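2 protein chains.
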Amino acid sequence: MPQMPKIIDQTCLRAFLNSFDNVLTDCDGVLWSGDNIIGRANDAVNKLRSLGKKIFYVTNNSTKSRDEYVKKCEKLGFIASKEEIVSSSFVMAQYLKQQGFNKKVYVVGTSGMTAELDNVGIAHTDIGPEPLTVSPFKLPETMELDPEVGAVAVGFDADFSFPKLMRAASHLEDQECLFIATNTDERFPITDSKLVFPGTGSFVRCVETVAERPPLIMGKPSEKMFTVISEKYQLKPSRTLMIGDRCNTDILFGKNCGLHTLVVLTGVTKKEDLEMWSKSSDEEKHRLLADYCLPQLGDLVDLLKTLE
Amino acid sequence: MPQMPKIIDQTCLRAFLNSFDNVLTDCDGVLWSGDNIIGRANDAVNKLRSLGKKIFYVTNNSTKSRDEYVKKCEKLGFIASKEEIVSSSFVMAQYLKQQGFNKKVYVVGTSGMTAELDNVGIAHTDIGPEPLTVSPFKLPETMELDPEVGAVAVGFDADFSFPKLMRAASHLEDQECLFIATNTDERFPITDSKLVFPGTGSFVRCVETVAERPPLIMGKPSEKMFTVISEKYQLKPSRTLMIGDRCNTDILFGKNCGLHTLVVLTGVTKKEDLEMWSKSSDEEKHRLLADYCLPQLGDLVDLLKTLE
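Line by line, the protein sequences give chains A and B. At position 172 of the first sequence the residue is numbered 172 (UniProt numbering), and the sequence of numbers has no breaks. At position 46 of the second sequence the residue is numbered 46 (UniProt numbering), and the sequence of numbers has no breaks.
Source of the hints: derived by calculation from the structure; they are not laboratory data. This one's a predicted model, so the numbers in the text were calculated from it and none came from an experiment.
The list makes no distinction among identical chains, and a pair is therefore deemed to hold if it is satisfied within one copy or across any two copies.
Heads up, simulated SDA-like pairs for lysine to any residue below, C-alpha to C-alpha not over 20 Å straight-line: (1) K138 - A158; (2) K97 - E231; (3) K194 - P136.
Kindly produce the complete structure, drawing on both the sequences and the hints.
Structure (structure tokens):
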């Protein structure tokens with residue numbers, strides 16, 4: 001039977017701390033939930049920084065630009081600079097730049113995506129609503145496609161509509177047109193509500209179904225997010241820790257990149273999930289088991305005090 | 001190597017005709033394309049009827065009621081009665097009735113679905129647009145779920161929106177809530193356009209992704225469509241022919257139900273597809289190969305004249 005993640009306590013604290021120089025941490029569900037900080041996550045991250053660890057904020061959320069993330073971090077008491085933010089929108093823009101992409105991107109998403117494209121000088125279509133104003137069966141007669149479009153990028157877009165779906169799928173009918181998804185998260189973690197908040201993955205699957213081909217995925221668990229920063233900052237996987245709350249993205253990302261992994265139980269993954277996966281005969285489930293576990297990231301604060 | 005579908009010609013016409021008493025025919029892509037009849041499909045179907053064959057029009061399209069289908073058939077010169085129309089919306093209503101369903105259906109769809117629910121006296125929510133009027137992140141505070149809803153039914157809905165998706169997924173969070181899809185067709189067949197017309201399958205995959213559970217599928221290739229009519233009219237599978245243009249729905253449906261199958265090349269499936277599948281080492285692809293093939297259904301008209 002594969003090992004359950006090791007709960008960090010005083011007996012293993014030093015070994016844990018000595019195992020990494022760099023910290024990649026997911027945001028929603030680890031550091032904050034919506035606009036609320038989770039426990040003392042800010043003190044924990046800032047403390048790791050004061051111990052000399054390099055910090056990176058790694059998020060699949062495509063809705064904010066890196067500048068907006070820095071502001072959010074500061075507001076909630078996390079020290080952060082733009083260079084430390086690795087969002088799926090940023091990775092998308094970096095990827096297109098690396099490819100020498102010189103056409104226009106049809107964006108199904110928000111200003112978080114277009115701001116990053118602007119940053120690297122890549123042209124894109126306007127964002128915002130495109131509501132249905134005629135019978136859908138009249139659309140093929142009236143809709144004009146922008147001939148300059150050479151990529152479709154799908155992120156979170158609450159203005160998602162039938163005309164947008166038709167436009168995205170029609171561009172993708174040209175097999176030369178790139179198909180990029182910021183991430184495939186099924187849901188946003190929200191608490192204190194009976195409602196389910198749909199994630200980017202739902203729009204991606206919708207477009208993918210009509211396009212009849214899969215997208216290139218920028219976000220976790222894809223390794224692209226690590227490649228972008230590891231090349232720039234020479235991060236060694238064996239000296240890097242990934243912290244996350246969603247094992248099928250965060251922890252799997254860590255495993256895919258050869259990182260150490262820490263799961264916290266303040267977001268999507270529950271203790272029961274870990275137990276279920278450790279008992280499963282499916283080896284894919286074992287890959288979801290992190291090396292370490294903490295009920296919440298803020299628990300590190302008191303633990304680290306014992307070293308002083 | 002599996003056999004390619006046999007092209008119907010004079011040498012096999014009698015054997016073909018003697019092999020069935022009942023005809024199930026798909027509509028869009030076989031009989032008509034949008035509002036245009038395909039070749040002489042009407043004469044072919046009416047001729048089969050005059051030879052004593054029972055005719056059923058079997059369609060995954062959920063947008064029209066059976067009454068509307070009868071009108072469309074008549075307008076395009078196909079003899080038809082309401083009892084001969086088997087649509088995915090009709091099958092959905094029949095299924096819920098058989099289950100003794102006595103709650104309300106949250107409908108992501110059109111009047112084609114609500115008309116069939118009304119027909120069997122099953123309550124449903126209103127259809128039509130539910131646009132986003134506040135920030136999506138405010139929705140969890142303002143959206144109220146109808147407590148009487150006990151099923152979510154997803155069909156074609158060009159008014160599909162983020163609030164509707166959130167509502168559907170949130171109802172489905174109750175594991176007792178039924179999840180029904182009229183069909184999973186990726187696209188509507190349209191011709192003379194560079195645009196791709198998204199099918200119901202795109203909305204279904206979108207909701208399924210957030211709900212994190214699969215729907216019960218009413219349409220082809222699910223056997224439910226045959227069960228509904230075969231029980232009522234005592235149709236023998238071995239004496240029934242399925243005609244279709246889309247092999248992964250129509251022909252697979254025929255195979256799943258043990259029917260004879262005829263593919264026409266006036267819709268989704270092309271001759272090259274058939275050749276590719278016959279050469280494939282994947283046995284699932286072989287199941288897409290129909291028993292018979294015709295370039296278009298109207299070709300039967302001249303063939304049948306040779307018998308007179």
